[in-house]
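Peer 1: Top line first, the protein sequences correspond to chains A and B.
FYI, numbering that gives the first Met the number 0 numbers position 125 of the first sequence as 124, with every residue one higher than the one before it.
FYI, numbering that gives the first Met the number 0 numbers position 182 of the second sequence as 181, with every residue one higher than the one before it.
Read the hints as simulated data drawn from the structure, not as lab findings.
Please note that a few of the clues may not be correct.
One copy or two, it doesn't matter: identical chains are merged, so the pair holds either way.
Simulated crosslink set (SDA-like; lysine to any residue; CA at most 20 Å straight-line) [stated by the list, open to error]:
no., residue 1, residue 2
1, 345, 136
2, 335, 150
3, 335, 78
4, 153, 134
5, 345, 190
6, 335, 111
7, 335, 243
8, 345, 137
9, 153, 167
10, 153, 56
11, 153, 128
12, 345, 85
13, 335, 200
14, 345, 316
15, 345, 238
16, 153, 78
17, 335, 167
Quick caveat, the model's predicted, so the values are computed rather than measured.
Number of protein chains: 2
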Amino acid sequence: MTDLHRSPAPFSRRRLLGRAAGIAALAGAAAIAPPVALARQATPEPAAGADPLPSWNAGPLKRGIIEFVARSVDPAHEDWLPVDRRIAAFDNDGTLMAEYPMPASTSFVLDRARELVRTMPDYARDPAFAPLRDGAFDDPLNPEAPRLYLPIRKITNAGLTQQLSIAAARGWLQDAVNPADGRRWVDSAYRPMLELLALLHANDYTTFVVTGSEVDFVRAFAPEVYGIPTWRVIGTDYAYGYSAVDGRGQVTTTSQDMLNMTGPNKATAIALHVGQRPVIAVGNSDGDQQMLEYAAGGIGPSLTLMLHHTDAAREFAYDRDYPWSPFDRTLDAMPKLGFSMIDMAKDWNAVWA
Amino acid sequence: MTDLHRSPAPFSRRRLLGRAAGIAALAGAAAIAPPVALARQATPEPAAGADPLPSWNAGPLKRGIIEFVARSVDPAHEDWLPVDRRIAAFDNDGTLMAEYPMPASTSFVLDRARELVRTMPDYARDPAFAPLRDGAFDDPLNPEAPRLYLPIRKITNAGLTQQLSIAAARGWLQDAVNPADGRRWVDSAYRPMLELLALLHANDYTTFVVTGSEVDFVRAFAPEVYGIPTWRVIGTDYAYGYSAVDGRGQVTTTSQDMLNMTGPNKATAIALHVGQRPVIAVGNSDGDQQMLEYAAGGIGPSLTLMLHHTDAAREFAYDRDYPWSPFDRTLDAMPKLGFSMIDMAKDWNAVWA
């Protein structure tokens, strides 16, 4: 053993100017800027003794949810769970917030792609972007759109530090509305689901969002809209790349090997990121089936819920034919799977937060 | 839209017996069994006004750590950080707990490999296990050992549900001791580091373990020994596989594509799992350099610490020649990198928890 180096100071204030300052300043700026308010509150706090799920209509579904949670926190009940086993996993698009006729993240990526095409000749020439120019996304329900979207998504998300990636999403979310109803995306979370999150948080559950959307897009609003911090958002990722200059490192999104967070990937990602099997899982499409199966696969009770979009009056009515994320084969299999259905039109007396 | 299926009950108690009950019972048992106590306490709580780091000797290093934390939680100070930016990342082996002469996880995997070879003829015939029979690991400091270990590691970790994988580690950790000093591994955490974790937790920092060891091995003891839940442990993983029978899912470790959580992988994994750049990073080997660089790469102050094992009397003295995880090139680069060194012999007045 040799050379016990000691740096002169026990910590270092990083200079704002320097060799790597250009990119570092950009990368850090988003992280230290005061956050822009996207939503007025995270999850509503029910008064003690009050109905914790006022937007849910009375019935066996609502009673079952409340009793499941109550039993799991009652040390005298055989279904009691220690705090570290109180894990709940929620899909995002169509489960916690609206996704019709096109998920917010998809709309964001397409807006960014249009900007890239407009400003960068290389991108304008890339054949991956041809469908954008050819109007493939003018009808958001074009059945071919998801297939044509994949290469655009991969290229468009690449080349940003994670901090800038989140900042770009936050900027877009300030004004972005769902064209179908004119509602801001950050106001498009479902009130009954925010109540359910609040009920779980009040009972020491640890909640996770497990989303097919870009992970850093959902991280841009999950803390404010759901009360869920960035490290409890699991999503489609970008095979981040690493680079460093003079001891200062950057992590940057790349266009390689994007892992689409859907289907079995949701279950294995929960194992990788959470390290516990959830006891509650909530989704709304075929891509959520395995996440719910995983929650149902342990010993002891589980709560597995699928939201069915049945409410054309207050939201949208769709399932099998929704091209971005259909509820089709899993809908057929529901009785065999044993999941519980949330019928939006019947089970919720309010939809919007 | 058609076929509004509703399952009869809003949630389902899973039967203990059934078609998939054999494997499910095994998989679930570990998760619901009352946890076996591995350690008496997580992190010690200092009394208000007391020295938060009593095992650290007075000096600029200790003062610098305490002042860094104090400034970051002082709303009147320019270095104040909102709670969601108070992120600290710790390596495990050699940083939070002893790793010499062989990390606990390596010793665990080799013990399991010996058991597999003894009981399963297929494994005994596998050439990957030949070095085990040939005594390659009898000297834990054999420079060839890490290379010969890799294929053993991959095969040995495969084929368990995550719950059983964690349970196997917990069982082993009950009695397992470091042969070099006879100390139980779960008692081999460093008291000064537990004090640092406690200081950070008391100041609303969110801590993460980012480890080259198998993620589920460290998850087996991190909650009790460090006060860090399983979802804040990032480590070497197994490319989990998914399977389901009758709506009940299992996630199982495989022998494919193990991602070794070291070097740049630590920085990119923090981006993937945490979604925030850490402001504090603590390590002890070349494999931690990029994690510390990433913490140092933002705007604003950062605290980047490397522990140097200089204490042959109370622990072990090693760095460049330690085959499992050398502190060598990064040791040479320390002055240029700007990281702070913790000299165990000089900076700590107590080592063990």
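Peer 1: In ascending order, which of the hints set out earlier in this document are inconsistent with the structure?
Peer 2: 1, 2, 3, 6, 8, 10, 12, 13, 15, 16 and 17
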